[in-house]
Amino acid sequence: GESVGLHLPTLSVQEGDNSIINCAYSNSASDYFIWYKQESGKGPQFIIDIRSNMDKRQGQRVTVLLNKTVKHLSLQIAATQPGDSAVYFCAETPGGGADGLTFGKGTHLIIQP
Amino acid sequence: DGGITQSPKYLFRKEGQNVTLSCEQNLNHDAMYWYRQDPGQGLRLIYYSQIVNDFQKGDIAEGYSVSREKKESFPLTVTSAQKNPTAFYLCASSISQGNIQYFGAGTRLSVL
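Chains E and A supply the protein sequences, listed in that same order. Heads up: the first sequence runs through residues 183 to 295, numbered per the numbering used here. Heads up: the second sequence runs through residues 4 to 115, numbered per the numbering used here.
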């Protein structure tokens, strides 16, 4: 079946470097994408979203890029800080989001001092 | 203090027992959702409700039941038919379908 997935289960970066977390999706009907951050034992926290009519969206220290041609989504975190250590999930929903979100398995971002 | 409140934080179920997880939101959101998260996995949708007195099955509804009698409340019952209930359960809400979903802190359910 169609699914959302992430390329790497774990990503280790040096504090202060930029982080790039990738996500592939296979449902061509998906038109809304969200990145969440989940710290251990807590619920997911919204980071940034993007709709399929956009290629790029920027927030505070984060940028989401959407490549519809290859069905690829990425989250870029600038100047990574220790507090960025968490599992990052991409989620997608097709058809205007009438149903719940479909989540990837997540990437664990580890910050090295 | 607005948000989504899940209770209890930890819950234990005995064999053959039904247990109910609470989810309350004061965000005036129409849509509410229940997800299950297993270790090292993403979230899977159990049930969702777009409006009061209406709900739909998600991808893994078997062994679960819900109700939506009030806009702010969407309790999830894990029935004895759910043979592998141990997981982290997350409730979410959104202002309407197709918008950002905000999550509660979760309930961790274990079997005694």
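Just so you know, these hints were derived from the structure itself, not from any lab. No experiment lies behind these values; they were computed from the predicted model shown. Where hints are given, some of them may not hold.
Heads up, incomplete: computed chain A residues facing chain E, CB under 8 Å, no partners named [what the hints assert, rightly or not]: (1) PHE58; (2) GLY61; (3) ALA108.
From the three backbone atoms N, C-alpha and C, an ideal C-beta is built for every residue, glycine too.
Hint by hint, here is what the structure shows:
1. PHE58: violated, 11 Å
2. GLY61: At about 6 Å, which falls below the 8 Å cut-off, the nearest Cβ of chain E leaves the hint on A/GLY61 intact, so it holds.
3. ALA108: Holds: closest Cβ of chain E sits about 5 Å from A/ALA108, inside 8 Å.
Hint check: a violation occurs at hint 1 only; the rest are consistent with the structure.
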